[in-house]
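A.B. asks: What follows is the residue order along each chain.
There are 2 protein chains.
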Amino acid sequence: MKYGVAIFPSKKVQDEANSYRKRYDTHYALVPPHITLKYPFESNDEEIEKTIIPALDEIAKNTKPIDIAVKKVGSFKPVENVIYLKVEPNNDLQNLSDEMHKGALEGEREHAFVPHITIAQNLSDDEFSDVYESLRMSKFDLSDRIDRFQLLYQLDNDSWSVYETFRLKGE
Amino acid sequence: MKYGVAIFPSKKVQDEANSYRKRYDTHYALVPPHITLKYPFESNDEEIEKTIIPALDEIAKNTKPIDIAVKKVGSFKPVENVIYLKVEPNNDLQNLSDEMHKGALEGEREHAFVPHITIAQNLSDDEFSDVYESLRMSKFDLSDRIDRFQLLYQLDNDSWSVYETFRLKGE
Numbered sequence: 001m002k003y004g005v006a007i008f009p010s011k012k013v014q015d016e017a018n019s020y021r022k023r024y025d026t027h028y029a030l031v032p033p034h035i036t037l038k039y040p041f042e043s044n045d046e047e048i049e050k051t052i053i054p055a056l057d058e059i060a061k062n063t064k065p066i067d068i069a070v071k072k073v074g075s076f077k078p079v080e081n082v083i084y085l086k087v088e089p090n091n092d093l094q095n096l097s098d099e100m101h102k103g104a105l106e107g108e109r110e111h112a113f114v115p116h117i118t119i120a121q122n123l124s125d126d127e128f129s130d131v132y133e134s135l136r137m138s139k140f141d142l143s144d145r146i147d148r149f150q151l152l153y154q155l156d157n158d159s160w161s162v163y164e165t166f167r168l169k170g171e
Numbered sequence: 001m002k003y004g005v006a007i008f009p010s011k012k013v014q015d016e017a018n019s020y021r022k023r024y025d026t027h028y029a030l031v032p033p034h035i036t037l038k039y040p041f042e043s044n045d046e047e048i049e050k051t052i053i054p055a056l057d058e059i060a061k062n063t064k065p066i067d068i069a070v071k072k073v074g075s076f077k078p079v080e081n082v083i084y085l086k087v088e089p090n091n092d093l094q095n096l097s098d099e100m101h102k103g104a105l106e107g108e109r110e111h112a113f114v115p116h117i118t119i120a121q122n123l124s125d126d127e128f129s130d131v132y133e134s135l136r137m138s139k140f141d142l143s144d145r146i147d148r149f150q151l152l153y154q155l156d157n158d159s160w161s162v163y164e165t166f167r168l169k170g171e
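Protein sequences, first through last, are from chains A and B. Under UniProt numbering, the residue at position 138 of the first sequence is numbered 138, and the numbers go up by one with no gaps. Under UniProt numbering, the residue at position 44 of the second sequence is numbered 44, and the numbers go up by one with no gaps.
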């Protein structure tokens with residue numbers, strides 16, 4: 001069974017992201033707009049309860065709420081035809097994701113952590129160029145206070161269901 | 001902003017429900033398969049944090065995990081062309097939903113509580129008859145232990161995002 005860890009930002013930010021995802025993101029119906037902290041990994045009920053959740057609880061206990069800002073879009077081109085709302089560089093968010101790849105949660109990371117909210121993916125090259133050109137000069141002015149993250153698992157239809165919520169309780 | 005309270009059953013039950021929802025449920029992409037405990041209600045950040053969440057915490061603290069079973073489908077015809085996986089009558093589940101309509105959570109209930117997982121809705125009368133006839137004689141043999149419920153809010157696109165998870169912690 002596949003699990004992942006993500007942040008769902010506020011309704012305001014999710015609604016803004018969905019206004020693009022609806023047209024451009026093939027995963028629009030599979031999961032709400034999110035910032036991925038830990039990419040999908042294989043696990044099972046027992047490991048989740050005994051190891052993963054206690055480790056995530058500990059991280060949440062020691063992490064303060066994190067302020068984030070979005071000012072523009074970014075893209076993973078040429079690796080992937082993905083366009084995202086770029087979360088401005090943020091040490092606290094970097095640390096939070098780093099903690100989720102240490103100790104009991106250790107796992108190799110395929111990429112450096114680039115905090116983002118995907119709004120377009122699986123576009124053809126032509127679509128990508130059109131959409132990216134029209135969005136890259138846009139200014140966004142979104143800010144949000146992140147005070148929780150969630151552990152999700154994937155259903156057989158590839159959609160994601162939330163298993164547990166972790167509140168950031170650091171002082 | 002609209003909020004609601006629901007149970008997401010195990011992956012096994014969700015996958016089974018989705019195998020029907022995919023074809024017959026217009027809300028398939030808006031929310032994973034669920035048992036509604038408290039129907040959508042209007043609230044706001046402040047009330048949610050100060051009143052609703054503490055009340056739900058208290059309920060979760062005093063409620064033991066609940067075993068449920070599904071053996072057949074049911075329908076809300078003639079009121080609505082809805083077909084659902086019928087959760088066998090269950091006092092603990094009834095009490096849990098009752099608690100969510102008392103005290104700080106008080107609110108009028110439009111219907112008696114019928115625990116169910118919707119698998120088909122908004123069908124035409126002909127579709128409804130076809131699907132219901134083919135499903136009503138089917139035997140299901142699903143069982144599950146419910147150990148959590150979740151508070152959700154609705155986005156502008158009518159999909160639902162999980163805000164908080166409550167573990168049933170009663171002894």
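By construction, these hints were calculated from the structure, which means they are not laboratory data. Here the structure is a predicted model, which is why all the values come from computation and not from measurement. Fair warning: there could be bad hints in the mix.
[Claimed, not checked] Cut-off 27 Å, straight-line C-alpha distance, at most; resulting in silico cross-link-like pairs (DSS-like, lysine-lysine):
id: 1; chain 1: B; residue 1: K169; chain 2: A; residue 2: K64
id: 2; chain 1: A; residue 1: K2; chain 2: B; residue 2: K50
id: 3; chain 1: B; residue 1: K2; chain 2: A; residue 2: K12
id: 4; chain 1: B; residue 1: K169; chain 2: A; residue 2: K12
id: 5; chain 1: B; residue 1: K169; chain 2: A; residue 2: K22
A.B. asks: Next, verify each hint and record whether it holds.
C.D. replies: Against the structure, the hints:
1. B/K169 x A/K64: holds, 26 Å
2. A/K2 x B/K50: Violated, because 35 Å separates the two Cα atoms, which is more than 27 Å.
3. B/K2 x A/K12: holds, 13 Å
4. B/K169 x A/K12: Measuring from Cα to Cα gives roughly 33 Å; hence the hint is violated.
5. B/K169 x A/K22: violated, 39 Å
Violated hints, listed in ascending order, are 2, 4 and 5; each of the other numbered hints is respected by the structure.
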